[in-house]
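J.: Next come the chains, spelled out residue by residue.
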Amino acid sequence: MEYHELTIGSAREKLARHEISSVELTSALFDRIEKYEEGIGAFITLDREQALAQAEKADQDLAAGKGSALTGIPLALKDILCTKGIKTTCGSRILENFIPQYDGTVVSKLKGEGAVILGKTNLDEFAMGSSTENSAYKITRNPWNQEYVPGGSSGGSAAAVAARFCCGSIGTDTGGSIRQPASHCGVVGIKPTYGRVSRFGLVSYASSLDQAGPITRDVRDAALLLNAISGHDKLDSTSARVPVPDFTQALDQFDKGSLKGMRAGIPKEYVSAEGMDPEVEKVFHHAKQVLQDLGVEIKEISLPHAEFVVAAYYIIAPCEASSNLARYDGVKYGFRDRSSDDLMDMYKKTKSRGFGLEVQRRIIIGTYALSAGYYDAYYGRASKVRTLIAGDFSKAFETCDLILSPVAPAPAFKIGEKTDDPLTMYLTDIFTLSANMAGIPGISVPAGYSSKGLPVGIQMMARKFDEMALLRAGYGFEQSIGLARKFPDL
Amino acid sequence: MKISKNEVEKIAHLARLEIEDSRKEKMVEQLGNILQYIDKLKDADVDGVGGSSGGAIADNVLREDRPEASPGPSITLANAPDRDEDFYVVPRVVK
Numbered sequence: 207m208e209y210h211e212l213t214i215g216s217a218r219e220k221l222a223r224h225e226i227s228s229v230e231l232t233s234a235l236f237d238r239i240e241k242y243e244e245g246i247g248a249f250i251t252l253d254r255e256q257a258l259a260q261a262e263k264a265d266q267d268l269a270a271g272k273g274s275a276l277t278g279i280p281l282a283l284k285d286i287l288c289t290k291g292i293k294t295t296c297g298s299r300i301l302e303n304f305i306p307q308y309d310g311t312v313v314s315k316l317k318g319e320g321a322v323i324l325g326k327t328n329l330d331e332f333a334m335g336s337s338t339e340n341s342a343y344k345i346t347r348n349p350w351n352q353e354y355v356p357g358g359s360s361g362g363s364a365a366a367v368a369a370r371f372c373c374g375s376i377g378t379d380t381g382g383s384i385r386q387p388a389s390h391c392g393v394v395g396i397k398p399t400y401g402r403v404s405r406f407g408l409v410s411y412a413s414s415l416d417q418a419g420p421i422t423r424d425v426r427d428a429a430l431l432l433n434a435i436s437g438h439d440k441l442d443s444t445s446a447r448v449p450v451p452d453f454t455q456a457l458d459q460f461d462k463g464s465l466k467g468m469r470a471g472i473p474k475e476y477v478s479a480e481g482m483d484p485e486v487e488k489v490f491h492h493a494k495q496v497l498q499d500l501g502v503e504i505k506e507i508s509l510p511h512a513e514f515v516v517a518a519y520y521i522i523a524p525c526e527a528s529s530n531l532a533r534y535d536g537v538k539y540g541f542r543d544r545s546s547d548d549l550m551d552m553y554k555k556t557k558s559r560g561f562g563l564e565v566q567r568r569i570i571i572g573t574y575a576l577s578a579g580y581y582d583a584y585y586g587r588a589s590k591v592r593t594l595i596a597g598d599f600s601k602a603f604e605t606c607d608l609i610l611s612p613v614a615p616a617p618a619f620k621i622g623e624k625t626d627d628p629l630t631m632y633l634t635d636i637f638t639l640s641a642n643m644a645g646i647p648g649i650s651v652p653a654g655y656s657s658k659g660l661p662v663g664i665q666m667m668a669r670k671f672d673e674m675a676l677l678r679a680g681y682g683f684e685q686s687i688g689l690a691r692k693f694p695d696l
Numbered sequence: 015m016k017i018s019k020n021e022v023e024k025i026a027h028l029a030r031l032e033i034e035d036s037r038k039e040k041m042v043e044q045l046g047n048i049l050q051y052i053d054k055l056k057d058a059d060v061d062g063v064g065g066s067s068g069g070a071i072a073d074n075v076l077r078e079d080r081p082e083a084s085p086g087p088s089i090t091l092a093n094a095p096d097r098d099e100d101f102y103v104v105p106r107v108v109k
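First to last, the sequence lines map onto chains A and B.
Going by the numbering used here, the first residue of the first sequence is number 207, and it counts up by one from there.
Going by the numbering used here, the first residue of the second sequence is number 15, and it counts up by one from there.
Simulated from the structure, these hints should not be mistaken for lab results.
Worth double-checking, as some hints may not be accurate.
Listed next, with one range per pair, are the computed distances between beta-carbon atoms [to be verified]:
id, chain 1, residue 1, chain 2, residue 2, range
1, A, His491, B, Val104, 53 to 61 angstroms
2, A, Thr605, B, Gly62, 18 to 26 angstroms
3, A, Glu302, B, Val103, 16 to 24 angstroms
4, B, Asn93, A, Glu503, 32 to 40 angstroms
5, A, Glu503, B, Arg37, 52 to 60 angstroms
6, A, Thr605, B, Lys54, 53 to 61 angstroms
7, B, Glu99, A, Arg544, 13 to 21 angstroms
8, A, Ala456, B, Glu43, 48 to 56 angstroms
9, B, Lys40, A, Glu353, 22 to 30 angstroms
10, B, Asp61, A, Leu441, 37 to 45 angstroms
11, A, Asp551, B, Ser84, 27 to 35 angstroms
12, B, Lys40, A, Asp483, 22 to 30 angstroms
13, B, Ser84, A, Asn351, 33 to 41 angstroms
Bear in mind that the values here come from a model prediction, so they are computed numbers and not experimental data.
Positions of the beta carbon are idealized from the N, C-alpha and C atoms, including for glycine.
Please construct the entire structure, taking both the sequences and the accompanying hints into account.
T.: Structure (structure tokens):
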């Protein structure tokens with residue numbers, strides 16, 4: 207056995223049986239990171255010393271029989287989750303030296319379960335992007351082929367899992383930022399229902415859409431992480447007071463007939479989507495058959511307002527971003543430009559030099575759409591379209607339990623291919639944005655490969671708070687298609 | 015809808031951004047393309063439809079109004095780019 211081959215599930219078993227120690231596992235992963243990280247660029251910050259201290263503590267707890275759900279399991283966190291005492295940059299120059307004074311709730315929950323935090327992963331600046339090329343620090347490369355992007359914005363988290371630098375990771379998803387990089391990197395990603403996971407200490411991009419979730423090597427690992435991070439939090443008033451089931455339960459009792467009678471809808475509007483790559487279509491068609499063989503009933507459904515999703519999202523998200531990012535003014539924390547002694551000048555120079563171009567673009571779109579005379583035509587209208595989009599999903603879920611679609615219209619693209627054309631980049635988010643707009647959960651599961659050997663995933667969406675349906679179907683699919691645990695040679 | 019260079023400058027000022035001259039033209043073009051695409055929203059029939067701002071639960075969220083200790087200035091101001099004891103320092107406002 208090689209340490210990096212261990213999933214969260216298998217590492218837990220070996221740790222519990224004292225066959226390995228967390229210090230051994232953690233050290234082995236750092237050695238692997240040291241060897242291959244230069245090519246991949248998954249991390250912004252690594253903290254070997256602190257991770258090993260956490261691992262040592264975990265080993266003591268395990269020896270004393272005091273292990274929790276994730277005791278001694280090495281994880282990586284997207285660098286947009288506040289970590290006490292560890293720099294949290296959001297991939298931005300404006301937070302280059304920002305050291306949070308507190309842990310976000312997701313982080314404190316993971317630590318509370320005994321997880322070991324290896325470091326903070328790269329992302330598109332403030333999670334704005336679909337390729338991780340918008341980071342102020344580095345480009346992350348796809349571990350399957352380093353000429354290609356890993357997807358984004360949680361590209362560092364997905365690449366770290368695919369490269370087997372960590373047992374699992376946490377990403378965030380505002381419009382597909384967990385599911386799309388998971389698909390491009392051949393790993394599993396879940397965007398939970400809005401409100402399932404606390405956003406406290408998750409640096410805001412678009413507050414009504416943001417949600418943190420697991421990126422893992424298999425579906426069961428995703429269930430384990432989801433168990434750890436879910437639940438109401440008094441520090442986030444949008445987190446939901448709903449019971450959190452043990453997400454692994456349905457998987458442990460899974461057998462071949464478990465999915466019989468489940469109904470999955472395929473939106474006819476997605477099938478005819480522009481820019482669909484035939485290779486993705488082929489993988490999707492095969493995935494459909496795999497689910498059918500498991501007894502899932504496949505039917506055509508309609509999401510009549512699907513054509514408006516990208517336009518509505520790229521108003522609502524930038525509007526919220528323009529408001530959320532106003533706080534970076536060079537006064538309270540983060541970068542300050544010191545070349546001027548005039549206050550207005552200081553603000554402007556700080557923001558213009560601290561934020562990258564994509565962030566500035568979205569701030570300008572949001573400010574424009576919210577400005578006097580334009581509010582009704584843009585934000586007002588987009589929020590009404592959002593109601594229609596959510597209504598489409600409610601109606602669809604009257605007759606089906608899952609909605610199936612590709613994750614992205616095409617496999618990962620080449621680094622640099624779309625950086626000059628933001629609109630084309632936005633259009634690649636077409637299948638993932640809806641789940642955020644409607645507040646429903648979505649999972650991305652590996653489903654095949656392109657002719658170039660790049661991974662392609664499928665997406666399933668479910669009713670609010672029915673992550674269990676996603677996990678069950680995802681687990682059954684993963685077992686049948688037999689792609690789980692296939693990873694790139696670095 | 016296309017957007018003019020003047021409008022972009024005005025909006026940038028509202029957002030406290032300044033766009034370098036060398037980048038302005040490209041920014042105006044990119045924003046124009048994006049806004050033109052967004053014009054699609056005009057085709058949506060939203061008559062009688064209410065807006066929604068997200069959130070999974072529609073219930074109001076209330077808590078007991080009980081004072082709790084604040085973290086205090088040493089923590090709150092720890093990341094200040096410039097401070098004088100318990101105050102943020104900013105460029106002179108009144109001249």
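J.: Against this structure, judge whether each hint is valid.
T.: Against the structure, the hints:
1. A/His491 / B/Val104: 53 to 61 angstroms: holds (60 angstroms)
2. A/Thr605 / B/Gly62: 18 to 26 angstroms: Roughly 25 angstroms apart at Cβ, these two residues keep to the hinted range, so it holds.
3. A/Glu302 / B/Val103: 16 to 24 angstroms: holds (19 angstroms)
4. B/Asn93 / A/Glu503: 32 to 40 angstroms: violated (54 angstroms)
5. A/Glu503 / B/Arg37: 52 to 60 angstroms: About 53 angstroms separates the Cβ atoms of A/Glu503 and B/Arg37, which means 52 to 60 angstroms holds.
6. A/Thr605 / B/Lys54: 53 to 61 angstroms: violated (28 angstroms)
7. B/Glu99 / A/Arg544: 13 to 21 angstroms: Hint holds: Cβ distance 20 angstroms, inside 13 to 21 angstroms.
8. A/Ala456 / B/Glu43: 48 to 56 angstroms: holds (51 angstroms)
9. B/Lys40 / A/Glu353: 22 to 30 angstroms: The hint (22 to 30 angstroms, Cβ to Cβ) holds, given that B/Lys40 and A/Glu353 are roughly 26 angstroms apart.
10. B/Asp61 / A/Leu441: 37 to 45 angstroms: 40 angstroms Cβ-Cβ, so the 37 to 45 angstroms window holds.
11. A/Asp551 / B/Ser84: 27 to 35 angstroms: holds (32 angstroms)
12. B/Lys40 / A/Asp483: 22 to 30 angstroms: holds (28 angstroms)
13. B/Ser84 / A/Asn351: 33 to 41 angstroms: Once the Cβ atoms are compared, 51 angstroms apart, the range 33 to 41 angstroms for A/Asn351 and B/Ser84 is violated.
In this structure, the hints that do not hold are numbers 4, 6, 13, in rising order.
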